[in-house]
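J.: Respectively, the protein sequence lines represent chains A and B. Each residue of the first sequence is one higher than the last, beginning at 1 in my numbering. Each residue of the second sequence is one higher than the last, beginning at 1 in my numbering.
Hint data in this document are derived by calculation from the structure and do not stem from the laboratory. All residues carry an ideal CB built from backbone N, CA and C; glycine is no exception. A few of these clues could be false.
Each pair of labels, with its calculated beta carbon distance range [as the list claims (entries may be wrong)]:
#1 A:G63 to B:F34: 37 to 43 Å
#2 A:N189 to B:P93: 31 to 37 Å
#3 A:R80 to B:S195: 51 to 57 Å
#4 B:G45 to A:R61: 47 to 53 Å
Each chain is listed here by its residues.
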Amino acid sequence: MTATPVATPLLTATDVTIERGGRGLVSGLSLQVMPGEIWQVEGVNGSGKTSLLRVLSGLSRYGYDGQVERAVPLLYLGHRSAVKPLLSPLENLRLHPGGEGDHTDSDIERALAAVGLAGFEDNLAGTLSAGQQRRINLARLYLSPCPLWILDEPFTAIDREGVLALEQRFAQHAQAGGAIVCTSHQPLNVQASVSRLSLDRERAA
Amino acid sequence: MNTLPTVAFMRRLLRRQLLLALRSPVDVANPLIFFGMVIVLFPIGLGPDPVILARFAPGILWIVALLSSLLTSDALFRSDFDDGSLEQLLLSPQPLYLSVLSYVLAHWLITGLLLALMAPLFAIMLGLAVQAIAPLVASLALGTAVLSLVGCIGASLTVSLRRGGMLIALLVLPLYVPVLIFGSAAVQAAVDGFSVLPYLAILAAMLSLGIALAPFAIAAGLRIGIDA
Numbered sequence: 001m002t003a004t005p006v007a008t009p010l011l012t013a014t015d016v017t018i019e020r021g022g023r024g025l026v027s028g029l030s031l032q033v034m035p036g037e038i039w040q041v042e043g044v045n046g047s048g049k050t051s052l053l054r055v056l057s058g059l060s061r062y063g064y065d066g067q068v069e070r071a072v073p074l075l076y077l078g079h080r081s082a083v084k085p086l087l088s089p090l091e092n093l094r095l096h097p098g099g100e101g102d103h104t105d106s107d108i109e110r111a112l113a114a115v116g117l118a119g120f121e122d123n124l125a126g127t128l129s130a131g132q133q134r135r136i137n138l139a140r141l142y143l144s145p146c147p148l149w150i151l152d153e154p155f156t157a158i159d160r161e162g163v164l165a166l167e168q169r170f171a172q173h174a175q176a177g178g179a180i181v182c183t184s185h186q187p188l189n190v191q192a193s194v195s196r197l198s199l200d201r202e203r204a205a
Numbered sequence: 001m002n003t004l005p006t007v008a009f010m011r012r013l014l015r016r017q018l019l020l021a022l023r024s025p026v027d028v029a030n031p032l033i034f035f036g037m038v039i040v041l042f043p044i045g046l047g048p049d050p051v052i053l054a055r056f057a058p059g060i061l062w063i064v065a066l067l068s069s070l071l072t073s074d075a076l077f078r079s080d081f082d083d084g085s086l087e088q089l090l091l092s093p094q095p096l097y098l099s100v101l102s103y104v105l106a107h108w109l110i111t112g113l114l115l116a117l118m119a120p121l122f123a124i125m126l127g128l129a130v131q132a133i134a135p136l137v138a139s140l141a142l143g144t145a146v147l148s149l150v151g152c153i154g155a156s157l158t159v160s161l162r163r164g165g166m167l168i169a170l171l172v173l174p175l176y177v178p179v180l181i182f183g184s185a186a187v188q189a190a191v192d193g194f195s196v197l198p199y200l201a202i203l204a205a206m207l208s209l210g211i212a213l214a215p216f217a218i219a220a221g222l223r224i225g226i227d228a
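One chain only, chain B, in its complex shape (with noise of 0.2 Å):
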C-alpha cells in the first residue's frame, strides 16, 4: 500500500485551503475590509485630533485586528463539516494534530498574516509613530498566529451547531486578551521609545506553548462534533 508522508499530506491540506481562498477571493478580502471600515471610524467617532487617534492608535489597530480574526474563525470548519470533508479528515490514517496544524497555518497566511501585512497603511492614517510600524507588524504577524490558534479551538468545539458565531466569541475572547495586553503593550513600548524585544518574546512564548497545545484541543473538539 503506497501510504502517503505525513508532510506530503499537510502540505496537500495547505494547498487545498489556499486555492479554496483563492478562488472565492471575497472571503479573503472581507475581513481585510472590516479592518479598515472599523478603523475608519474611528476618527469619526473620537474626532479628528491627530494627537489623541495617535495615543489610542495601538490599541485600537490591535482590537480591531482581533475583531476581524474572530470574525473569520467560525467559517473555518464550516464547510468542510456540512459538506463531509471533516469525517473523511478524521478516518485518514494521517495524524489529526499535523492535519488541523495545516488548517491553522491556513488560517493565519489568509487573514493574520494579509492583516499584519496591511496594517502599516492603517497605522499611518491613524499618526502612529513612524518607529512603532516595524514593531506593530511584527507583533500582529506573531499575535494573530496565537489568535489563529484559539479561534480554531473556539471553531471546532462550535463547528456542529447552526449558529455558532456568538458561542464562539464568548469561548475565545478571554482566551484573546492576553495576546492583546502583550501585543498592544508591544506597540506602546516602541512608541514611548522602550524596547519592543521582551513583548515579541512573550507573544512567541504564547505561540509555542498554542502550537504544543491548542492542536490537540482542536482535534478533540472536531472529534466530538463529528460524533454529535
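Isolated chain A, as found in the complex (with noise of 0.2 Å):
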C-alpha cells in the first residue's frame, strides 16, 4: 500500500454516547477509522456492540449523543443477512437491495464460487442450509465497491474454512486501502494489524 501523506479518515466517530433502555452502553467513544485499518470490536453478550455498529452505519440516526462521519460509501452486514428463501442466490444478488453497484452475472458467480457456493447459484435459497444462507450475504464482501466494510458477527454458522478465506479477504481489503469495523468473538487471524477496541472496559471505565 503506498501511504498517502494525509490520509482521510474513513470514519470518524466522536464523543458517542449510547444509551439502551437506561443502561450506558458506550460512553465518550471517539473513535477513527483509517484506510487499511482492521477494527474489532469486542464485549460479552449485551455489552452494546450491535447498538454502537448500528451508530456507526447511520440505521440509528436518533437514541445517541456524538458526531459520526462518514466519509465513503459504506457496507454494513448486520445479523440479518436480507436474504429472500424465495429467491436463488444469483436472483438475490442480483436484484440487491442495497443497490450500491452494477454487478454482472459472471461477477455474482465470481462472488458466489469465491464463498463456496459454486453449483448452488440457481437453488432457491430457502433450499439451502443456514451457513449456506449467510454465505450468499457475504458474497457481498467479494462485490461491493465500499471502501468501509461494518460487519456484525460475520463469522456466524461460517465454518473453519469459510472463516480462512473470510480472514484473507479481509486481509485483501485493507491492503487495497479499505477499512473495516467488525464485531466477533472469535481472536481474528488476519495478515494485517487489527485494532482492538473493548466495549466492556469502556464501561467500566
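With the hints as a guide, bring both chains together as one complex.
T.: So this is what it looks like as C-alpha cells:
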C-alpha cells in the first residue's frame, strides 16, 4: 500500500454515547478509522456491540449523543442477512436492495464461487442450509465497491475453511486501502494489524 | 466505482417484488379470493332482489376493494423488515423517495390493478348497469393506486410492531374515505347517466398529490421503524 501523506479517515466518531433502556452502553467513545485499518469491537453479550455498529453505519439516527461522520460509501452486514428464501442466490444478489453497485451475472457467479456456493447459483435460497444462506450475504464482500465495511458477527454459522477465506479477504481489503469495523467473539487471524476496541473496558471506565 | 443508475435500481426493486409475488402465488390470490368471497355474501345478506343489489353495487364493490387493499398493506414491508432487507435499502446510496415508490408500484400492480381487472365479473354478478362497468374499472385502477400509497404509509409506521394489523386500519381508514367517496360516486354517476370524468379527474388529482407527498411519509416511517 502506498501511504498518502495525509490520509483522511473513512469514519470519524466523536464523543459517542449510547444508552439503551436506561443502561449506558458506550460513553464518550471517539474513534477514527483510517484506510487500511481493521477494528475489532469486543465485548460480552449485551455490551452494545450491535448498537454501536448500527450508530456507526447510520441505521440508528436517534438515541445516541455525539457525531458520526462517514466519508465514504459503506457496506453494512448485520445479524439479519437480507436473503430471500424464495429467490436463488444469483437473484438475491442481482436484485439486492443495497443497490451500491452494478454487477454483471459473471461478477456475481465469481463472488458466489469465492464463498463456496458454486453449483448452487440457481437453487432457491430457502433450500440451502443456514450457513449457506449466510454465505450468500457474505458474497457481497467480493462484489461491493464500498471502501468501508461494517460487519456484525460475520463468522456466525460459517465453517472453519469459510472463516479462513474471509480472513484472507479482510487482509486483501485492508491492503487495498479499505477499512473494516467488525464484531467477533473469535480472535481475528489476519495478515494485517488489528486494532481492538473493548466495550467492557469502555463501560467500566 | 460503478454506481447503479437510479432508474435501473427502481426497475431492480420492482422486478424483485414482482418475482417474489410470482414465487408465492397464494399471497397474490388471497386478496382476490377475499374480494370474491365477501361480494358473494351480499346477495345472501341483502336478499336476491336484483334491483336492490344493483342499487348498492357501486358501494359494495368499492368498499370490498378497499378492504382487500387494506388487508395486504400490512405485509408490504413486513418480510423485508424481518430479514434485514429494509436495513440494506435504507443504507443504499439510492434516493429512498424513489425506492419506496417502486414498492408502492409493485403493491398496486399485484393488488389494485388485479382487483380492478377482476371487478367487472362481480359487477355483472351484482347486476351493475353495463354502462357503469368501464367507469368502475377506471375508478378502481386510479383509486387503488391512492389506496396503495396511503396503505404504504400505514405499513411503514407499523413495520416494527409485531401486531400492526388493527393499528394500520385505524391509521389509514380515515384517509381512505375521500377515495371511497369519489370512487363510488364515479360509478353511481355512470349508472345515472352522468359524466364520470369529473370524478376520475378528482381521483387522478388525489393520485398526483399522493405520489408527490406519500413517499416522504413512507421513507420517514421506515427510518423510524428501523431505528426503534
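J.: Which of the stated hints cannot be reconciled with the structure, identified by number in ascending sequence?
T.: Failing hints: none at all.
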